[in-house]
Amino acid sequence: MIARLGLPRRLDWKGPLIATALSVAILLPLINVAVWAFTEVWRYPAVIPQKFGLRFWGDMLARGDVREAMSTSLSLAAIVTALSVVICLPASYAFARMNFPGRNLFFMSFLTVYAFPKFGLYITIAAIFIGLGLIGNFWGVVLIQLVSTLMFMVWIPVTAFQNVDRRQEEAARDLGASPLRVFWSVTLPQALPAISAAVLLTFVNTFYETEVAWLIGAPEVRTVPLLMIRFINSELVVQYGAILSLAMWVPSFLLLIAARRFLGAQALGRALGA
Amino acid sequence: MATLETRNLGRRFGPTRAVDDVSLAVGDGELLCLLGPSGSGKSTVLRMLGGFEPPSAGAVLIDGDDVTRLAPERRPTGMVFQSHALWTHMNVFANVAFGLKLRRLPRAEVRRRTEAALDMVGLAGFGERRPTQLSGGQQQRVALARSLVLEPKILLLDEPFASLDQHLRERLREEVREIQRRAGITMVFVTHGQDEALALADRIAVMREGRLEQVDRPEVVYRQPRTEFVAGFIGQMNLIDARVEGGRLFAADMALPVALADGPARLALRPEDLGLAAATDESGARVLRVTDFGAHLAIDLETIDGQRLKATAEPDAGWMAGMRVALRPRRFAVYRDGHLCPMPAQRAGDPPVSLQTLVAGQPAATAGQPVWHHHQH
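Protein chains in written order, with the numbering used here: chain A, 92 to 365; chain B, -14 to 362.
To be clear, the hints were calculated from the coordinates, so they are not data collected in a lab.
Glycine included, each C-beta is placed from N, C-alpha and C at the ideal position.
Careful: at least some of the hints might be erroneous.
Said to hold, decoys possible - Cross-link-like lysine to any residue pairs, in silico, SDA-like; alpha carbons within 25 Å at most:
| id | chain 1 | residue 1 | chain 2 | residue 2 |
| --- | --- | --- | --- | --- |
| 1 | B | Lys86 | A | Ser162 |
| 2 | B | Lys86 | A | Val273 |
| 3 | A | Lys209 | A | Val238 |
To be verified - With beta-carbon atoms standing in for the labels, derived distance ranges:
| id | chain 1 | residue 1 | chain 2 | residue 2 | range |
| --- | --- | --- | --- | --- | --- |
| 4 | A | Asn195 | B | Arg89 | 33 to 43 Å |
| 5 | A | Ser269 | B | Gln118 | 28 to 38 Å |
| 6 | B | Ser148 | A | Leu196 | 37 to 47 Å |
Stated by the list, open to error - A partial selection of chain B residues facing chain A, derived with a Cβ cut-off under 8 Å:
| id | residue |
| --- | --- |
| 7 | Gly35 |
| 8 | Pro39 |
| 9 | Leu55 |
| 10 | Glu58 |
| 11 | Gly63 |
| 12 | Met64 |
| 13 | Phe66 |
| 14 | Ser68 |
| 15 | Ala70 |
| 16 | His74 |
| 17 | Phe78 |
| 18 | Phe83 |
| 19 | Arg131 |
| 20 | Leu157 |
Please model the complete structure; the sequences and the hints are all you need to start from.
Now the structure itself:
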């Protein structure tokens, strides 16, 4: 540190170079999509669209199927996330802190779901759902999406709960707190950043999930990604795809901002394993 | 104001007996140090006192009431952890106020008492800081304040200053002693540092492999260790293999009169009890090294048969490396099978032996019997 301060500062080109390359690779497609969403006319070989406008936004938002898909996707993601919290958080606390017979076996069985090719698993589940009348049913999609959330909502909180210092919990007991109070005042706040990250991931993943929603939900349950597939297949208008992409991006972006504000970027990064 | 007592307390972890048959009585306002090497079970005893570890045998009594099965939150004990265990998601004020808020005290009183507690540990005005913004010593003070603010009858401290540097440790030690005296709290203080125990304790309980070795006042533990382990663990001690033959104990060039049966034994000799005299010939022990500590000289010796010994001498005694010395033990003790040998006082008619005066009046170590002391005030 001291030696570096003493020397004349040499410009390090590698850092900015890598940053630029990454930005181009990541941002360019996004910018392209964003530009397309506000474009009315853009013919080859122009670099900038000939005509900007909000005509296609008007078209899209006026369509009933778009609005319906949007609300389906949002409520699906919200319900799945809420159910997942209710089911998985107590389970992960139990895995992290309690000792019961078959604990490790049970924990591994949660995770082995992800060792199989998922689609094969879903086909099998779909066969069962047909018998139960859950195909093409909103709650059928909720149920199967729940399976996909186990990974985030069990594994991450288990680690988080395990990382809470036992002595901190004991200190609270020592001062007179009941076990429930200890959980509420010490354990949960300590694990909260990681749990929030898990909730965020769960919501975003469910919101964007396509293949299962298609397998179980189609044709009655139409989510935004499914609608996009239909646009691509039947009426290929680039702007429709671009606008839907932007619209889909908004909820997860808002959630991320909220999480950042609530937790601070550092805590969130730590929670996500950085 | 409280007394604490354990009766035949035991704790097994699988096949190992972490704590075995520990019976202790701590008097009202007394400060007892649990002293022992790591793994001796002292922390486990403390955790059983606090209610964090269920005993496998025995009982814990506070003011005569059996609290063995009581949860930590129902015991009138406060615990200070080695790792301080502050809640990092709360600021210092909230940490200290936590216990008061649990008791649903009025907001103004919570504030008043929390600030008083922070003031007591020298952290007035630190309330808004996060624990992570404090130094190790400050964090430990907050932990202390968090326990003290509830005015516990009994305070349990688990090596609270182990992670701090020497100076800070000594200062906090004095502060704890001061607070303890002022508030008259009964304290059990776990440490593996003999200095800490000697400096702090009203009485020291020395533990080894889950069992109590000796419970006594510091000066008694130091002057009259009942077992060879205590002799070697507390303070510096020359422990020398010896044999007894015909009423004399032979060890490292010394021959000391003892009233013991023939056979092997161990001679225990404090450096300050080993007097030195200039040797007239080359037969004495050789001075290897002299370290000047200002108040005294520490002298490393090697006897003719290769035994290394330590002695201390007055700073102006003039000893130097390479000199030959004769050993003049002033006090000593003899151990057999790890226990102190009872030695009767010398009979008056005995010819004076130039080397030593015998240690008289030492109580016999009684093997296997629980050490059972009541503190006298």
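Which numbered hints turn out to be false for this structure?
1, 8, 9, 17, 20
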